[in-house]
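Enquirer: Dock chains B, C and D with the ligands against the given chain A, drawing on the hints supplied.
Residue numbers (this note's numbering), protein chains in the order written: chain A, 1 to 337; chain B, 338 to 674; chain C, 675 to 1007; chain D, 1008 to 1340.
Be a bit skeptical, because a hint or two may be false.
[Unchecked claim] Straight line, CA to CA, 27 Å or less: simulated BS3-like cross-link-like pairs of lysine-lysine:
hint : chain 1 : residue 1 : chain 2 : residue 2
1    : C       : K716      : B       : K479
2    : B       : K645      : D       : K1318
3    : B       : K602      : D       : K1049
4    : A       : K142      : D       : K1049
5    : A       : K308      : C       : K985
6    : C       : K716      : A       : K265
[What the hints assert, rightly or not] Chain D is faced by these chain C residues, among others (derived, beta-carbon under 7 Å):
hint : residue
7    : L774
8    : H786
9    : M787
10   : A821
11   : V879
12   : S948
13   : E954
14   : A957
15   : E961
[Said to hold, decoys possible] Simulated restraints, written as ranges between beta carbons of each label pair:
hint : chain 1 : residue 1 : chain 2 : residue 2 : range
16   : B       : P596      : A       : W214      : 41 to 47 Å
17   : D       : P1230     : A       : P320      : 34 to 40 Å
18   : A       : G239      : B       : A544      : 23 to 29 Å
19   : C       : T905      : A       : A315      : 33 to 39 Å
20   : A       : P259      : C       : G871      : 26 to 32 Å
Worth flagging that the hints you see were computed from the coordinates, not collected in a lab. These numbers were taken from a predicted model, which means no experiment stands behind them. Beta carbons are placed, not taken as given, at the ideal position from N, Cα and C, and that holds for glycine.
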Amino acid sequence: MSGPQAVAATPTRGPMTHRGELLRGMTAIRLFEERCVELYSAGLIRGFLHVAIGEEAVAVGVMQALTEEDAVVSTYREHGHALARGLPMDVVMAEMYGKVTGCSRGRGGSMHLFDVSRRFYGGNAIVGGGLPLAIGLGLADKMRGRTAVTACFFGDGAFAEGEFHECVNLAALWQLPVLFACENNLYAMGTAIARAQAETDLALRAASYGIASWAVDGMDAVAVETSARHAVDRIRNGGGPCFLELRTYRFRAHSMYDPDRYRDKAEIARWRERDPIDLLVRQMTEDGEVTSDDVDAINAELNTEIDKAVAAAEAAPLEPVADLARFVHSEPEGVGR
Amino acid sequence: MSGPQAVAATPTRGPMTHRGELLRGMTAIRLFEERCVELYSAGLIRGFLHVAIGEEAVAVGVMQALTEEDAVVSTYREHGHALARGLPMDVVMAEMYGKVTGCSRGRGGSMHLFDVSRRFYGGNAIVGGGLPLAIGLGLADKMRGRTAVTACFFGDGAFAEGEFHECVNLAALWQLPVLFACENNLYAMGTAIARAQAETDLALRAASYGIASWAVDGMDAVAVETSARHAVDRIRNGGGPCFLELRTYRFRAHSMYDPDRYRDKAEIARWRERDPIDLLVRQMTEDGEVTSDDVDAINAELNTEIDKAVAAAEAAPLEPVADLARFVHSEPEGVGR
Amino acid sequence: MTTTTTPARTVETTYREAMREAIREALREDDRVFLMGEDVGKYGGCFAVSLGLLEEFGPERVRDTPLSESAFVGAGIGAAIAGMRPIVEIMTVNFSLLALDQIINNAATLLHMSGGQVQVPLVIRMTTGAGRQLAAQHSHSLEGWYAHIPGIKVVAPATLEDARGMLGTALADPDPVLLFEHGSLYNMGGTLREDAGPVDIHRAVVRRQGRDLTLISYGGSMPKTLEAAGTLAAEGIEAEVVDLRSLRPLDDETITTSVRRTHRAVVVDEGWRSGSLSSEILARITEQCFYDLDSPLERVCSAEVPIPYAKHLEDAALPQPEAIVTAARRVVG
Amino acid sequence: MTTTTTPARTVETTYREAMREAIREALREDDRVFLMGEDVGKYGGCFAVSLGLLEEFGPERVRDTPLSESAFVGAGIGAAIAGMRPIVEIMTVNFSLLALDQIINNAATLLHMSGGQVQVPLVIRMTTGAGRQLAAQHSHSLEGWYAHIPGIKVVAPATLEDARGMLGTALADPDPVLLFEHGSLYNMGGTLREDAGPVDIHRAVVRRQGRDLTLISYGGSMPKTLEAAGTLAAEGIEAEVVDLRSLRPLDDETITTSVRRTHRAVVVDEGWRSGSLSSEILARITEQCFYDLDSPLERVCSAEVPIPYAKHLEDAALPQPEAIVTAARRVVG
Ligand SMILES: Cc1ncc(C[n+]2csc(CCOP(=O)(O)OP(=O)(O)O)c2C)c(N)n1
Ligand SMILES: Cc1ncc(C[n+]2csc(CCOP(=O)(O)OP(=O)(O)O)c2C)c(N)n1
Ligand SMILES: [Mg+2]
Ligand SMILES: [Mg+2]
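If we strip away everything but chain A, and leave its shape as in the complex, we get (with noise of 0.2 Å):
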């Protein structure tokens, strides 16, 4: 699903700039978060809701240095990284509903979105959690001797997990084509990285280990998708793991539940100010690549999109209560992958 279908899930109107798709695709994911938290605010999704609005740069540019071949480890505030990857938005908000369509059948949730089809595993909910599976996925693929590319998100609080040290290190020993997507949005929760980290600049850390790694503006999708290709490439052709600390930003609270009381109202101001989305559009424009009127197309097309994935998932069945103890172990034909 390389190029426009890893941007979103339905074709686009007409043909497209790969800036207009790099704006598709972010508006996409802020449209849709936007909606998810309406829907949670009445109750019709549950559980945990962690937005990524601020920053759909990231999940919008590193995705276009990915193809088909490539997996995808996320964390639980995956919505964007699940999009941009191509799941359908309907599959997406019907997991939102605990509906049976969902891409796990409900069982996830808003932070265990899966699509095997896609090489997208998963929304993990346990910080660091996913990084070892990256390490195992990228292990798997070079001693298949496959060029694919495993590529892993996760926060600046996960860096100070234990996990991380031994993953790194792992995969910088034994080359394995391993991306660290570190989204650096300067928060773990309440707690500040400068709180959190000895040495704040993450990227520095990385590069420790003997890997390459840099950091780059996570709310600029064009710089993003720069650096997520050059990173991949070198990859790609036996350059081993590299790190990328993606310094971005939530525009909102850490989940539905937080208060954000630990932030300064001026400091997400000044980040406001640096929305990845009205960036790219006052580039484009200046450029005169897009109109105002394209803008309006564009959220109009996707709203109606996101009208109809919420219309689907109200309608669509609960899994059966009887089946609640499948999947536990696989079944006989075996299931998925």
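Expert: Same frame as chain A, but now just chains B, C and D with the ligands:
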């Protein structure tokens, strides 16, 4: 127990130069452990036995920098650390024999020597398992405004554990009075460091956490002491944690179970030429600070002490089986501390 | 004291506030006490238990940590060894798996392994349990599993009084105590004696008297169990309800005394059925009350599946009052 | 096949060699299989199980890892997801605590949480048990504790045949299987059919027939249990001995069939008594055979203490044939 006491448990014959104390301290460990090996082969010591023969300069050198108020956390290869910290040979030997007179009442054995009165918080048989304890000891000392330093010994293998990463970051972040004493003997059981660490310059890696970090020749007791004093002074004066990579080598196998198939005999021979005891004797002889008679006398005296310790251990009683369940929980009056 | 009835001035409070008061009191009264964990300070605690304490006691004693469960739990052990009285908060039991080595191989082991020298007066608090649609990785109920480990004590407050009183007693204990707070209880409101203070942490308590059977439970399952007892009463079945309070050690006496009188028992435990705390209780009753039993023992536990997100599936996976009532009817037969 | 009796060419071997043969066969027959863990290669395995395999299969497929339990166990999970058939060796169960999050929150959970998409065909091998004076941190018997977790299977070979045959079957399983090898069994010698191969990993087996009581055990406690049965026979007490083989799922049918015939049972389990696998077995027998029992059930487990180094204390802490015999006499009494 600064100075002499810290080097050996019994008073020394006549005044001795400081290097003489170092020599005596290392010889005590060497002879004690060689005796343990014999006793193990004779079936009198059981379980796992890990000797540090060849690494004596590390234990003795580092311990010089510590005072009574300081704390020590060690590994399962800790006879040397314990003796250098001032634990009497007889209580250590009794522990190896599993006798109630042992420093852990025979419950711990070789891997779990404890002496709270000397702030020796033990042998820990989980690789890396002592690091968080050391962080906590340092945290408590800092919170109570004490000037104590906690020295934590661990190996090159432990460096790969996630706990190492978490603990160094925490110590650096909170500026805790902890000395990370990394005994790099180039192997973790049968795994050479280059097959375990992507970056084998451990001091360099540790420096990436923003702490003072350097490597020292772990076969030179004087050099180790100098480095350790420098580090401990720095820590005690509020300079935050330090990392000391002690480059050393174990002359014998990992444990008594280990056939040592993985090391090249020539490599072992090369390192034996740098035997820390011979090295110091040569230096001292050149400077006319010691004669072969002195050396013989030291050995004789220490062997007598070891004989006594063995005899005492043989004669010592066992803990009554009825007391098996004691110390699962504290006893009313409160024990130790 | 947990069953006192003397009239006294009371206050309206919640389980969350009672826990906070207990922590505040401990911080006030003993300068060796400090609270350490992820987001306990600036954020106010992931479940707002420690809200306001940073402002009151400062960052040294209400200490935010990085995401390093093994390191900060182990640091709590080390600090306890060095004379402090740490309260380590692990956000939820789900993340405690990352610190399990420190808990089992150090906290639970050091005293015995050192021949009685190394005491670890540490309290580890964590939220446990399912029921809020948090899905498989955030819905574990492992307190009964922890109760397998010698060298630690495990307690689970189910009432405002215990939420207010267990922490202080746990802190006074010279050995490590794990305190499990069920996430569904934080908003539980009610009245508490103004002078409510420390309570014992070793006895089980009969929360409701009855003669027909004994319902044994603890923590987050207590409300469901008491609700079931109410339903049964309406049918004329008088269930006695035992709140274990302490999961390790178990108070055999209170359990067996009740069962010897009722001759029937149902254990309610949110843990997965196989190898749960409920198994141990059934085993002990069989060992100690074999000749007193009039019918097979039963248990109502969680289905042996990772807990799913969808509400209808999660409800089906967890013990519910209906299931308790049904099991009770069966044993009373 | 585990109870076959057809005559056949046999070979003299040991438990260790049988395990090695099983691994070698797996590596030979399926190029998706690889062995990964600390010192499995150059060192030959900390208990010499994989000795020689590095030379035979090379460092890619007999892969030494750094001391990073969480990372390499998780890497095994990831590799399994991507189509490999990893055999991850954790040196001993004691160190598996550092990888527990990966085992519980990923290996055991991914299939269900993903609605059946993510399969994890992984085998994790580890040595378990006490009895060699390795002291508290190196003497855990936690296999029964692991058996609490839905989503994994737990097996414990106690015979040469099972040491030789369980691994292949575990590798053929599409889901994660934990295989526990008791350290005291490696040197156990005996004869094995030359054509010994895969065996089922879901059935318990009666290792000795008897009518007076049922002794239920597994793994490292089987030799002690069979020895006790021998002693009892000399006294005229015919004990039936059941080897569980699979700790999760448990084979209720074999257990209850035997107990319904003998009406008495003693469970032998090296795990700490409270909340051990023995508790679950007692619970199930009480639930399923209540009216068949003639006397209280008993268990012989480890004392609830960290296992001490001194031989006399360690012996006193662990289940011993004498204690099994005494318990058996009591229930038959
Ligand atoms: C091991 C673990 N500890 C704690 C938590 C609770 N928690 C969930 S998200 C989070 C913050 C993670 O921050 P970061 O890695 O920066 O990712 P972000 O949320 O900023 O995207 C915490 C503490 C968890 N899920 N897992
Ligand atoms: C967590 C853990 N994993 C594995 C082991 C088994 N083991 C004991 S010592 C050792 C090697 C440690 O090497 P290093 O840290 O370099 O210390 P050294 O033995 O060289 O002094 C291993 C793998 C253990 N004890 N703990
Ligand atoms: Mg973050
Ligand atoms: Mg080493």
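Enquirer: Evaluate each hint against the coordinates.
Expert: Taking the hints in turn, this is what the structure says about them:
1. K716(C) to K479(B): At roughly 22 Å apart (the allowed maximum being 27 Å), K479(B) and K716(C) satisfy the hint.
2. K645(B) to K1318(D): holds (23 Å)
3. K602(B) to K1049(D): Holds, at about 15 Å.
4. K142(A) to K1049(D): Satisfied, since the Cα-Cα distance of roughly 22 Å is no more than 27 Å.
5. K308(A) to K985(C): holds (23 Å)
6. K716(C) to K265(A): holds (15 Å)
7. L774: holds (5 Å)
8. H786: holds (4 Å)
9. M787: Holds. Min distance 5 Å.
10. A821: Where the cut-off is 7 Å and the nearest Cβ of chain D is about 6 Å from A821(C), the hint holds.
11. V879: Hint on V879(C): violated, closest Cβ of chain D at ~20 Å, above 7 Å.
12. S948: Nearest chain D Cβ about 5 Å off; hint holds.
13. E954: Hint on E954(C): holds, closest Cβ of chain D at ~4 Å, below 7 Å.
14. A957: Result: holds, 4 Å to nearest chain D Cβ.
15. E961: It holds, given that the least Cβ distance between E961(C) and chain D is near 6 Å, below 7 Å.
16. P596(B) to W214(A): 41 to 47 Å: holds (46 Å)
17. P1230(D) to P320(A): 34 to 40 Å: This hint is violated: roughly 48 Å between Cβ atoms.
18. G239(A) to A544(B): 23 to 29 Å: Distance hint for G239(A), A544(B) holds at roughly 25 Å.
19. T905(C) to A315(A): 33 to 39 Å: holds (35 Å)
20. P259(A) to G871(C): 26 to 32 Å: holds (31 Å)
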